[in-house]
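Asks: Sequence:
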Amino acid sequence: MSTIFPREEKAELLFEKILSNPKACRQLQQVFYEELESGDEVVHANLSSQEFVTSLLSAYANKDLTAFLMAICQNSMFDLLRQAHLAPFKFNADGEQNPILLTNEEGELLDQDQIKVHPKDYQRFKKAFKTHDHMHMYLANGYRKKHSYNPDTMQVESFKTDEYTGILLLYECPDTIQKETEAQAYAALWDLMMEFQEQLPHAIIYYGQDGLEEGGQRYDELGVFLHLKHFHDRLEQNIEKANQIVFPTK
Numbered sequence: 001m002s003t004i005f006p007r008e009e010k011a012e013l014l015f016e017k018i019l020s021n022p023k024a025c026r027q028l029q030q031v032f033y034e035e036l037e038s039g040d041e042v043v044h045a046n047l048s049s050q051e052f053v054t055s056l057l058s059a060y061a062n063k064d065l066t067a068f069l070m071a072i073c074q075n076s077m078f079d080l081l082r083q084a085h086l087a088p089f090k091f092n093a094d095g096e097q098n099p100i101l102l103t104n105e106e107g108e109l110l111d112q113d114q115i116k117v118h119p120k121d122y123q124r125f126k127k128a129f130k131t132h133d134h135m136h137m138y139l140a141n142g143y144r145k146k147h148s149y150n151p152d153t154m155q156v157e158s159f160k161t162d163e164y165t166g167i168l169l170l171y172e173c174p175d176t177i178q179k180e181t182e183a184q185a186y187a188a189l190w191d192l193m194m195e196f197q198e199q200l201p202h203a204i205i206y207y208g209q210d211g212l213e214e215g216g217q218r219y220d221e222l223g224v225f226l227h228l229k230h231f232h233d234r235l236e237q238n239i240e241k242a243n244q245i246v247f248p249t250k
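In this text, residue positions in the sequence shown follow the numbering used here: the first is 1, and each later residue adds one.
There could be a bad hint or two in this list.
What the hints assert, rightly or not - Simulated restraints, written as ranges between beta carbons of each label pair: (1) Asp152 <-> Lys120: 41 to 47 angstroms; (2) Glu34 <-> Arg234: 27 to 33 angstroms; (3) Phe15 <-> Arg234: 31 to 37 angstroms; (4) Pro22 <-> Gln155: 36 to 42 angstroms; (5) Thr161 <-> Leu13: 42 to 48 angstroms; (6) Ile115 <-> Glu198: 39 to 45 angstroms; (7) His134 <-> Ser158: 29 to 35 angstroms; (8) Lys63 <-> Leu109: 48 to 54 angstroms; (9) Phe247 <-> Gln114: 28 to 34 angstroms; (10) Asp152 <-> Leu13: 35 to 41 angstroms; (11) Asn92 <-> Thr153: 22 to 28 angstroms.
To be verified - Here are the computed lysine to any residue pairs in the SDA-like style, where the Cα-Cα straight-line distance is at most 25 angstroms: (12) Lys120 <-> Leu228; (13) Lys229 <-> Tyr164; (14) Lys241 <-> Tyr164; (15) Lys145 <-> Gln27; (16) Lys160 <-> Glu240; (17) Lys63 <-> Ser20; (18) Lys126 <-> Met137; (19) Lys17 <-> Gln199; (20) Lys90 <-> Met135; (21) Lys127 <-> His230; (22) Lys90 <-> Asp64; (23) Lys10 <-> Ala24; (24) Lys130 <-> Glu157; (25) Lys160 <-> Ala93; (26) Lys63 <-> Ile18; (27) Lys130 <-> Gln197; (28) Lys145 <-> His227; (29) Lys160 <-> Arg234; (30) Lys130 <-> His118; (31) Lys229 <-> Glu35; (32) Lys90 <-> Glu240; (33) Lys160 <-> Ile205; (34) Lys17 <-> Glu35; (35) Lys145 <-> Glu157; (36) Lys160 <-> Gln97; (37) Lys127 <-> Ile115; (38) Lys90 <-> Met193; (39) Lys90 <-> Glu12; (40) Lys10 <-> Asn62.
These are calculated hints, taken from the structure and not from any lab test.
What you are looking at is a predicted structure, and each value in this text was computed from that prediction instead of being measured.
Built from N, CA and C at the ideal position, the CB exists for glycine as well.
Full structure from sequences and hints, please.
Replies: Rendered as structure tokens:
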């Protein structure tokens, strides 16, 4: 059985991980009800009762829960998982750059008119900036994304929410994480993500398959985004803590 988002297939192992962890179940439940409450007003404003019932029956007939979730709370199944920090965000999902790099590998600001960099944010970044053999560091701007239906066409649309500026730590994934599908890789990332929640709460995890190129070869990449709002204090120590979580022997 396929879903409207093919990359969400073969997710059984990830779901088993979530179901076996009471804390994870509570997080997902909380996010769902928060989004349901905030989305209730949007659903009634944008979807007629006929459109809503069409979504419900279509989701039932196609055995696709994600289709119905988007109708009732403007989130896909994996939107909810990501907001509950139970699955990583996808690098450059839907062909849109996310996160957007604001500096190069040498830590110098890039020429771009898209996003204005606050001098204080850049000073914090430069103070913490270091080069590593196994990690690249950037000042970056990221955002969360949700999915919902266009009320006129009932086609799937995505939109940005919650933009943030911070430090992106980019790693070549350990071999143990590289899997056939992204959903399977998410399950392999599970323990790592739980460790980040314990040691660096509010860190945002990104993942991409074959997204990093070095020495003529492509690798899966793991990104750890440290939102400056939460991590401006003790930034260098938090960066080193992230390095130790990803590569504990380095």
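Asks: Please flag the earlier hints that this structure goes against, numbers listed from lowest up.
Replies: 5, 6, 16, 24, 29
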